[in-house]
Amino acid sequence: MSEQRTTAAPQHDAPAYAGETPSGIPIPVTATPDMAGSYQPVLPGEYPYTRGIFPNGYLGRLWTFRQYSGFGTAEESNQRYKFLLEQGQTGLSVALDLPTQCGYDPTDPMARSEVGKVGVNLFSLAEMETLFQDIDLSRISTSFTINGTAAIIYGMYLAAADKAGVPREKLTGTIQNDILKEYVARGTWIFPVRPSMRLIADTILYSNEQTPRFNPISIAGAHVRDAGSTAVEEIGYTLANGLAYVDELVRRGGDVTKFAKRLSFFFYVHMDFFEEVCKFRSARRLWARLLKERYGVEDRNAQLFRFGVVCGGSSLTAAQPYNNIVRVGLEATAAVLGGAQSIFTCAFDEAFQIPTEQSAEIALRTQQIIAHESGIAKTVDPLGGSHYVEYLTDQMEAEEMKIIQELEDYGGVEKAIEDGYVQMRIAERARQRKERIDSGEQVVVGVNAFRRENQSEGVGEVFRMDPKVRDNVMEKHRRLLETRDDTAVADSLAKLEAAAQDDGTNLMPYIIDCCHAYATIGEMVTTLKRQWGEFQEPVRL
Amino acid sequence: MSLQGKRILIAKPGLDGHDVGAKIIALALRDAGADVIYTGLRKSPEYIARVAVDEDVDAVGLSLLSGAHNELVPETIAALQAQDAADIKVFVGGTIPTEDQQSLRDAGAVGIFTSEMKLEDVLAQIEQALG
Chain A
1 MSEQRTTAAP QHDAPAYAGE TPSGIPIPVT ATPDMAGSYQ PVLPGEYPYT
51 RGIFPNGYLG RLWTFRQYSG FGTAEESNQR YKFLLEQGQT GLSVALDLPT
101 QCGYDPTDPM ARSEVGKVGV NLFSLAEMET LFQDIDLSRI STSFTINGTA
151 AIIYGMYLAA ADKAGVPREK LTGTIQNDIL KEYVARGTWI FPVRPSMRLI
201 ADTILYSNEQ TPRFNPISIA GAHVRDAGST AVEEIGYTLA NGLAYVDELV
251 RRGGDVTKFA KRLSFFFYVH MDFFEEVCKF RSARRLWARL LKERYGVEDR
301 NAQLFRFGVV CGGSSLTAAQ PYNNIVRVGL EATAAVLGGA QSIFTCAFDE
351 AFQIPTEQSA EIALRTQQII AHESGIAKTV DPLGGSHYVE YLTDQMEAEE
401 MKIIQELEDY GGVEKAIEDG YVQMRIAERA RQRKERIDSG EQVVVGVNAF
451 RRENQSEGVG EVFRMDPKVR DNVMEKHRRL LETRDDTAVA DSLAKLEAAA
501 QDDGTNLMPY IIDCCHAYAT IGEMVTTLKR QWGEFQEPVR L
Chain B
1001 MSLQGKRILI AKPGLDGHDV GAKIIALALR DAGADVIYTG LRKSPEYIAR
1051 VAVDEDVDAV GLSLLSGAHN ELVPETIAAL QAQDAADIKV FVGGTIPTED
1101 QQSLRDAGAV GIFTSEMKLE DVLAQIEQAL G
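Those protein sequence lines, which keep their order, are chains A and B.
Just so we're aligned: 346 in the numbering used here is position 346 of the first sequence, and the numbers increase by one with no gaps anywhere.
To convert a position in the second sequence, counted from 1, into the numbering used here, add 1000.
Just so you know, these hints were derived from the structure itself, not from any lab.
None of these values were measured; they are calculated from a predicted model.
Every residue, glycine too, gets a C-beta built ideally from N, C-alpha and C.
A few of these clues could be false.
Only pairs whose alpha carbons sit at most 25 Å apart, straight line, appear in this in silico SDA-like list of lysine to any residue [said to hold, decoys possible]: (1) A/K468 with B/K1118; (2) B/K1118 with A/H516; (3) B/K1118 with A/D419; (4) B/K1118 with A/R452.
Examples of chain A residues lying across from chain B (beta carbon under 7 Å, computed) [claimed, not checked]: (5) S113; (6) A430; (7) D438.
Make a model of the complete structure from these sequences and hints.
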């Protein structure tokens, strides 16, 4: 019998680490148990929630399929929402046009060319009522991506529910209501920082009492991320903003154990698969630790880091757009493995147009296929315990905390924003990303690699906005002004103005009264601008 | 032919809040030696034209990702003409669908730059137009 000898094991001359994640964290060639220094096998639902906030994960309830949508008139968006609900979407996500977001009536010169373009126009309660025609507000959860005018849109939503006879305690949904990131990455700010923080505290405290199932804020990292920040910065800036809101609410006498239960978060999912999964795991852990260590929060429900995500954004390309279906599929998978509570999957044509019904449907099907065919939601945090995943979670948490500390050392997020410091860092990151893509260092398939002649740059069915949208909206505006009770409007606006003069008065009841009187969004914002002025953007390059 | 010393205004007309592209272009132009002024967000066509004239710029770059380009680009060009500044070259950047590009050129835009174009190509085109 011949001797059988095991050949010698190959020598591992390769370095232990090779390359970096997009956030700059060294990547082990092969992760080993010793690399995950702080790993403890904590169960999901157990502090600090690395593996998830619920013991049963998605077994009891899948994430919400919440596709962002809205354009044109309230009537047109209402049709699209009914279509999406019929197709299996489980929560609504309303896109508002820029006049609505920035507080201009459709008749304002700044608004004229923007009416109904990036979202639906809601200039008054009447439009909000039309938007939800035949949609049961007591059963459908609605998220509004609204910030500068969040208090007003929330006011209209409550007023619409009041008129439809839906009890406020039944209302579920979210308003983004996160002004800090507007100043640095999204641009729909209106008032200066201090009065904006006051208004946000007003909405959160009011909502906690009146609409206890509603999330009055969704603290968003998505926009700094889409602008070019790394995953680590996305979490760092966002949690720093979150802490600023907590501090404001505590200053206003809020009980952190109560209001923290209704703070929610919102992020992008881009293409580095494991960074995205570990980003969410690290954020859950970091937020819970910060609440416990800094604010003494012991109530489990107040420690939970609940978040929604959008898959796509600037990770998608106009070049060879069908590739985006694959990108979004991977990103949504990362979101599920990361434990997101709600997911918006972008349509493949998102890079260059409002989605058509066809592209919107594929985006929704992407989630449904993952949910019902892939099996990954049948167990909680299946990547937990992976040496690489635990290593990366640890590393990202440490880097995220450094950013929070850096902003605190600077003097706090409000100062950093007013100085333009955060804005400058984001612009620099954006520029670095552009240079990496231009040089080919960062590969983007179809853009700087694997191109072909006559490739599609925008293709398929083209979404055509109804050219009469603006005229329709202007006509509705004209008719509203004719039919409403001018005295009631003037009266409600005067009361709002008086209330705004006292920092300690919660403005929500006054805003809701204005909505009920059919005051327009422009009228309410003008009233508040008279009191607070406008934010002066620090233009620094 | 060079951008050294050229004065360029980068502007955000209308309500669009996406400023990443505008800032990237502004930084790149500055590094190429141009004197760059950035308006910040939320400016009217009339304001942009006034600043362009006051600052005596060679070119204005309009950045738009809100879909409002078909109205705001011609309005800004008209505002420049109204101030007797039709010699100021106008460029457009952002999400501009192919089917809209010709009419913007017909209105007077001398260059249209979408986000996937390489920075060096954008700068080369600007340089050539201002040559």
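Results of checking the hints against the structure:
1. A C-alpha spacing of about 36 Å is found between A/K468 and B/K1118, which places the hinted pair above 25 Å, so the restraint is violated.
2. For the hint pairing B/K1118 with A/H516, the CA-to-CA distance comes to about 51 Å; that exceeds 25 Å, so the pair is violated.
3. Between B/K1118 and A/D419 the alpha-carbon distance is near 31 Å, which puts this suggested pair outside the 25 Å criterion.
4. Of the supplied pair hints, the one linking B/K1118 and A/R452 holds, its CA atoms being roughly 17 Å apart against a limit of 25 Å.
5. Interface hint at A/S113: satisfied, since its Cβ lies 4 Å from the closest Cβ of chain B, which is below the 7 Å cut-off.
6. Taken as an interface hint, A/A430 checks out: its beta carbon lies about 5 Å from the nearest beta carbon of chain B, inside 7 Å.
7. Nearest Cβ of chain B to the Cβ of A/D438: about 5 Å, under the 7 Å cut. The hint holds.
In summary, the structure is inconsistent with hints 1, 2 and 3 from the numbered list given earlier, while agreeing with the others.
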